[in-house]
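J.: Sequence:
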Amino acid sequence: MASTDTVSFNPEWVAALFSGDAQIWLGFSGGVDSHVLLHALVSVLNVEQKAKLTAIHIHHGLSENADRWQQHCQSVCQQLGVKFVSRQVCLASQASLEDAARKARYQVFEEVLSQDDVLLMAHHGGDQAETVLFRLLRGTGGKGLSGIPAIRALGKGALLRPMLTMSKSSINAYAKHHGLCWVEDESNQDERFTRNFIRHRIVPTLEVRFPKMEQNIASAAQRIATDYAMLAEFAQVQLKDWCNLSGGLILRHLEALPEDKQRFWLRSFLQGKSISLSYAQLENVLSMVFGEEHKQPEFCFPTGRIMRHQGVLYVLPVEQPAELGELHSGVPLRRAFDQVLVLGEGRFCLGERPQGAVLLLANGHRRKIKKWFNDLKIPSWWRDHLPYLYLEGELIAIGSLWRHPSYLDITFEWQLNDLLPFPVEQALLERG
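Position in the sequence shown counted from 1, then plus 1460, gives you this note's numbering.
No lab work stands behind these hints, which were simulated from the structure alone. Where a beta carbon is used, it is the ideal one built from N, C-alpha and C, also for glycine. Treat the hints with caution; some may be incorrect.
[Said to hold, decoys possible] When the alpha-carbon atoms are kept at most 30 Å apart in a straight line, the in silico DSSO-like pairs for lysine-lysine are as follows: (1) K1828 x K1755; (2) K1830 x K1755; (3) K1510 x K1700.
[Said to hold, decoys possible] For each label pair, taking beta carbons as the anchor points, the in silico distance ranges come out as: (4) Y1566 x V1507: 22 to 32 Å; (5) Y1566 x G1599: 44 to 54 Å; (6) Q1567 x P1865: 45 to 55 Å; (7) E1854 x R1765: 50 to 60 Å; (8) P1671 x L1557: 30 to 40 Å; (9) M1690 x L1746: 21 to 31 Å; (10) K1831 x E1779: 23 to 33 Å.
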């Protein structure tokens, strides 16, 4: 992509990047790093390639100079003949202003990226060194010490950092050589922010004793990233044997292990589902899942839930209300986690779970619905979402799991999607 001592891009890499129909986006703050990335890239693009490039600026509204920075970015793009878009964000209220700004920024990036689009960002070797030091001081593990990835998935597209192996000094030298003008974010001098403290106080001191510190940290991070990726790959191979057909982790494989190994396998299991939890959160989950056997433990995080059922750990989507209401014969209804279709005469509807109901079984026996749930081992997260079919106010079917013997002429089809695990015998789902 780029060389380590100068700002230049491999022509073959550039040609491959712009070879498809996807849009190429470039995160453009107006600072020296993103300005150099934009300028150096544009200098090697032909007319057709430049038409695929769009610079995107995020207006955080944190500085009184934010409007001026946006205008500067737009002016630079006009001079270079590059498409420019700007998005203003509102920051969520949270303890860290840095984290809030980052989350808002990346949310916009995910929204604008279409299928196979690529976002270029101007992180460099200095950023890599600061990140590794920052994470090390916070007590991170192997994944954190692997630093900033050069490439990763982002929304429907991908994020690339073509200057990650490049030194900050080479970027500054390029900017001065080409007479570039850039904005200076005054918040970058505020040492109340940990990254700024590391950048202005820690890194310069270390560089006096270790002149190649930046390159050495970047090299170490790359080796750790390679080792960590291979370890994660091997872990996923083992986890295939430790998970059931519904994707749940069978906990008996972890029960006899020491806590550090339990934590490793739990983290690997969750990362295989694109979930990353902190050390403290992993500890909470372990304590939860190996707690009292007859409870229904649940750990919630922003994008989902973790629950245990019948000695198996499952990752579930965020809970949402079940869709209820009238159901018309012959008209399929697609819900969040399933699809239903009824064929027959009469007024049908999907209703709430009938608390305390007694079900008449095919053998003539009666069973309380709570006992029936337990007999079939229906997971707690499905009990409110099962499609309870009512005809003229009478419960006549529960998905394909139960049918009132007096209404066998009514066809009721139930198809599950893959979003909410339903770990019961397939024969139960297909009968009725």
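J.: Taking the hints in turn, state whether each one holds.
T.: Here is what the structure says about each hint:
About 21 Å separates the Cα atoms of K1828 and K1755, which keeps this hinted pair within 30 Å; it holds. Annotation: proposed proximity of K1830 to K1755 holds, straight-line Cα distance about 16 Å (limit 30 Å). The straight-line distance between the Cα atoms of K1510 and K1700 is roughly 45 Å, outside the 30 Å bound, and the hint therefore fails. In this structure, Y1566 and V1507 meet the distance hint of 22 to 32 Å, their C-beta atoms being roughly 31 Å apart.
A C-beta distance of roughly 24 Å is found between Y1566 and G1599, which places it outside the suggested range of 44 to 54 Å. The supplied range of 45 to 55 Å is met by Q1567 and P1865, whose beta-carbon atoms lie about 53 Å from each other. The given range of 50 to 60 Å is broken by E1854 and R1765, whose C-beta atoms sit roughly 33 Å from each other. Hint check: P1671 to L1557, Cβ distance near 33 Å, so the stated range 30 to 40 Å holds.
About 25 Å separates the C-beta atoms of M1690 and L1746, a value consistent with the hinted range of 21 to 31 Å. A hinted range of 23 to 33 Å holds for the C-beta pair K1831 and E1779, which are about 25 Å apart.
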